[in-house]
Amino acid sequence: MSKQQQHWEKTRMLLFITLAIWFVFSIGIFFFGAEMEASSIRPLGYPLSYYMTCQGSLGIFVILIFWFANRQEKIDEEFGYTEREDD
Amino acid sequence: MFKGKFIDNLPKIYGTYTGGFIVFIILMAIAEQAGMSAKLIGIFFVAFTVLIYALIGYLSRTMQTDAYYVAGRQVPTVFNGMATAADWMSGASFVAMAGGIYFKGYGYMALLVGWTGGYVLVASLLAPYLRKFGCYTVPDFIGTRYGGNMARLSAVIVLTVASFTYVTAQINATGTIASVALDIPFEIAVYVGLASILMCSMLGGMRAVTWTQVAQYIVLIIAYLLPVFWISNKMGAGVFPHLMLADEVARIAELEAQFGLGDVKNSAADLKQVPKGLSGITKAHAEVNTTPWKFISLAVCMMAGTASLPHVMMRYFTTPSVKAARRSVGWSLFFIFLLYSSAPMLATLSKLSLMDPNLATGIIGKSISEVQAIDWYQNWNQANLMFVSDFNGNGTLELNEFFMGGKAVVLATPEIAGLPYVISGLVAAGGMAAAMSTADGLVLAISNALSHDIYYKMINPKAETAKRLIVARILLVLIGFAGATIAALEIQGILGSVIWAFDFAMSGLFFPLVLGVWWKRANAQGAVAGMLGGLIAGSAYLIAVRSGYPGFWGVTQLTFGIVGSLVSLVLMVVVSLMTKAPDAATQRMVDEVRIPSGKAILGKQH
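Chains A and L, in that order, are what the protein sequence lines are. Counting from 1, position 62 in the first sequence corresponds to residue 72 in our numbering; the numbering is continuous, with no gaps. Counting from 1, position 298 in the second sequence corresponds to residue 302 in our numbering; the numbering is continuous, with no gaps.
Excised from the complex, chain A in its bound form:
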């Protein structure tokens, strides 16, 4: 496999992981809205369903994007595809 193919292989893997986490917190958990509401897990005292819609999922997305950007930069570095600063 060429260098470029390996790079794309890893990039795709990272995409799948990122989208899987995204799916859980944007779609997956909201199948269980009623269960979340009844749950005894109450972050900061809010009902879980309420908390996830106003802060939880939103905050996770912010962290997820920065995590994704860092991982992708590492992959690019590994294969020598990092941009020159003066580009």
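Hints were generated in silico from the structure; no laboratory data involved. Heads up, the beta-carbon is just placed ideally off N, CA and C, and yes, glycines get one too. Wrong hints could be hidden among the right ones.
[Stated by the list, open to error] Below, in silico cross-link-like pairs of lysine to any residue (SDA-like), each with a Cα-Cα straight-line distance of 20 Å or less:
| id | chain 1 | residue 1 | chain 2 | residue 2 |
| --- | --- | --- | --- | --- |
| 1 | L | Lys524 | A | Glu83 |
| 2 | A | Lys13 | L | Met593 |
| 3 | L | Lys298 | A | Thr21 |
| 4 | L | Lys524 | A | Met11 |
| 5 | L | Lys524 | A | Met46 |
| 6 | A | Lys20 | L | Arg598 |
| 7 | L | Lys108 | A | Phe41 |
| 8 | L | Lys298 | A | Met46 |
| 9 | L | Lys471 | L | Leu207 |
| 10 | L | Lys108 | A | Tyr91 |
| 11 | A | Lys13 | L | Val521 |
| 12 | L | Lys524 | A | Thr21 |
| 13 | A | Lys84 | L | Gly602 |
| 14 | A | Lys84 | L | Thr81 |
| 15 | L | Lys298 | A | Leu58 |
| 16 | L | Lys524 | L | Gly151 |
| 17 | L | Lys466 | L | Met67 |
| 18 | L | Lys603 | A | Glu83 |
| 19 | L | Lys524 | A | Met23 |
| 20 | L | Lys524 | A | Glu47 |
[To be verified] Simulated restraints, written as ranges between beta carbons of each label pair:
| id | chain 1 | residue 1 | chain 2 | residue 2 | range |
| --- | --- | --- | --- | --- | --- |
| 21 | L | Leu31 | A | Trp77 | 40 to 46 Å |
| 22 | L | Phe233 | A | Leu25 | 35 to 41 Å |
| 23 | L | Pro554 | A | Gln16 | 47 to 53 Å |
| 24 | A | Lys13 | L | Phe233 | 49 to 55 Å |
| 25 | A | Leu29 | L | Asp394 | 52 to 58 Å |
| 26 | A | Phe42 | L | Pro554 | 26 to 32 Å |
| 27 | L | Asp587 | A | Glu19 | 51 to 57 Å |
Got chain A sorted already, so can you dock chain L onto it with the hints?
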């Protein structure tokens, strides 16, 4: 000061600007104490901020194509994040969102999840690759990746339909705020709003819009957060509302039970007396009040729409590198998060201050005549945003006898909670900034697509730079006027048309954009079929549902993008596989796009 070292000086420049704005707020507060009238304070706030934006727009004027179309590709990561956040958060986010949460609760909050989750798709699927491509506009990417004028034209059509639906709502919002703050009729205020929007974008294109959007973000976030923190502290709810309102949320549930929420239904005859657009509290504040599918389908549409709206995507064309584009998406979402996570808190504080009889501001349970004598009630009743009526004739205001407009949650809460008027002036300036910044981005997205993709790439490829930029500006003014004219007719509500814009964009552009990067086999025929087929299917479904067709799979007029984008995906895959694979050069181009280093596909000036 705006030459050479401008980029290095950004933190200092915007730091000074923020400090200056805070000094201005303090001066206004002193003026209020000295007896300046509320109306004059409102005029000062809106006029002063709009003049600053216009000044930035003038200082950023340019005659170079890459500065006009992509701000010279030198906007640093964090500042591009702020500009995107302003570009993104429209009048609807600023003025209507907290109101939506106030009235509709959990079901409405699907929009919060959708409008933030979409950025994960932007960061991972699209933004870095389109930045590497080096395009000026979104149709520029489609046209070059798939080849041929038909693909380019189809992309321009989808872009125009989606963005134009969106922009009329924004010009409408600028008009509403300008008419209230400056006290002029709405039909005139719409054009005042338009003039302010054009002043920011006409001379400097994307460069001017970028630097005004950063300035607008600073105004709008101060204007949104300051009242939330102030009210929370004043009420004794906690110094940091986001982390400390759990007791208040529980207290609202208690009061809802006490006041018998949902026990008494208003009769149709009673509801007839309520002015149009106002509603009462009918849904519990924090209860799960919708089916999973309703919640998820709305969130999915908003997420895919986010990843297909060209005015957002083109902000990531302005960063210095692919790496910066990726990080910039993270910063954008962080800056958006600051406002979105505050909207539910504002809704909570607003509801509690109206409902709780233990608070001085609570009105439910008081006598009707007492409420009707309150100053702020009279003001907002006059503005057609508040209404009470003694339906059951017992002389006391019940929960089902109080009605409010969605906008009032943001606009009136500071006054209800007893904050000085200077805060209300600040909120008006913030709303104006939010609506203007989004309108600027949208008008520019449309006119850039028409001037670059239609005029330069298809009609007159030999046009000189000067001529191209003049055409771009003429189109900008024309689009603006068309938008303002339609806005002045007030056909649709603000929020409804914003949601439609997402569905249109998703129907026509989501899969053609994503597959352009992630599926090498996708070809021009497939893309054209996908874009046009998706747009037509989505629009047809919308029209059908609006004329009485019950629809299927629980897809409503707010989520018709699901139908449109599925048709788009199927058509695109089937037609691509039935026709010839893209040639070797195109395949190499896709390979090139997938690695960050090396030259952009399209040159610096093209």
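Tested hints:
The hinted pair formed by Lys524 of chain L and Glu83 of chain A fails the criterion: a straight-line CA distance of about 23 Å is larger than 20 Å. Restraint check for Lys13 of chain A and Met593 of chain L: satisfied, since their Cα atoms lie roughly 17 Å apart, inside the 20 Å limit. Under the criterion of a C-alpha separation no larger than 20 Å, the hint pairing Lys298 of chain L with Thr21 of chain A is inconsistent with the structure, at around 33 Å. In summary, the hint linking Lys524 of chain L to Met11 of chain A is supported, as the alpha carbons are separated by about 18 Å, within the 20 Å threshold.
The hinted pair formed by Lys524 of chain L and Met46 of chain A fails the criterion: a straight-line CA distance of about 41 Å is larger than 20 Å. For the suggested pair Lys20 of chain A and Arg598 of chain L, the alpha carbons sit about 12 Å apart, so the restraint of at most 20 Å is met. Proximity of Lys108 of chain L to Phe41 of chain A is assessed by CA-CA distance (about 19 Å); at most 20 Å being required, the pair is judged to hold. Taking the CA atoms of Lys298 of chain L and Met46 of chain A, the gap is about 16 Å. The hint holds against a cut of 20 Å.
With a CA separation close to 14 Å, the supplied pair Lys471 of chain L and Leu207 of chain L stays within the 20 Å bound. Note on Lys108 of chain L and Tyr91 of chain A: the hinted pairing is violated, with a Cα-Cα distance of about 48 Å set against a maximum of 20 Å. At most 20 Å may separate the alpha-carbon atoms for a hinted pair to count; Lys13 of chain A and Val521 of chain L meet this at roughly 19 Å. Taking the CA atoms of Lys524 of chain L and Thr21 of chain A, the gap is about 15 Å. The hint holds against a cut of 20 Å.
Annotation: proposed proximity of Lys84 of chain A to Gly602 of chain L holds, straight-line Cα distance about 17 Å (limit 20 Å). Between Lys84 of chain A and Thr81 of chain L the alpha-carbon distance is near 18 Å, which keeps this suggested pair within the 20 Å criterion. Among the hinted pairs, Lys298 of chain L with Leu58 of chain A is consistent with the structure: their alpha-carbon atoms are about 19 Å apart, no more than 20 Å. Using a Cα cut-off of 20 Å, the hinted pair Lys524 of chain L and Gly151 of chain L holds, with the two alpha carbons roughly 13 Å apart.
For a cut-off of 20 Å, the pair hint linking Lys466 of chain L to Met67 of chain L stands: about 17 Å separates their Cα positions. Under the criterion of a C-alpha separation no larger than 20 Å, the hint pairing Lys603 of chain L with Glu83 of chain A is consistent with the structure, at around 18 Å. Our distance criterion of 20 Å between C-alpha atoms is met by Lys524 of chain L and Met23 of chain A, whose separation comes to about 17 Å. Distance check on the hinted pair: Lys524 of chain L and Glu47 of chain A sit about 44 Å apart at the alpha-carbon level, beyond 20 Å; violated.
At about 43 Å, the beta-carbon gap between Leu31 of chain L and Trp77 of chain A stays in the expected band of 40 to 46 Å. A hinted range of 35 to 41 Å for the beta carbons of Phe233 of chain L and Leu25 of chain A is consistent with their spacing of about 39 Å. For Pro554 of chain L and Gln16 of chain A, the Cβ-Cβ distance of about 51 Å falls inside the hinted range of 47 to 53 Å, so the restraint holds. The hinted window of 49 to 55 Å between Lys13 of chain A and Phe233 of chain L holds, with their beta carbons roughly 52 Å apart.
The beta-carbon spacing between Leu29 of chain A and Asp394 of chain L, approximately 55 Å, falls within the hinted interval of 52 to 58 Å. Taken as a hint, the range 26 to 32 Å holds for the pair Phe42 of chain A and Pro554 of chain L, whose Cβ atoms sit roughly 28 Å apart. For the hinted restraint 51 to 57 Å between Asp587 of chain L and Glu19 of chain A, the CB-CB distance of approximately 24 Å leaves it violated.
Violated hints, in rising order: 1, 3, 5, 10, 20, 27; the structure is consistent with all others.
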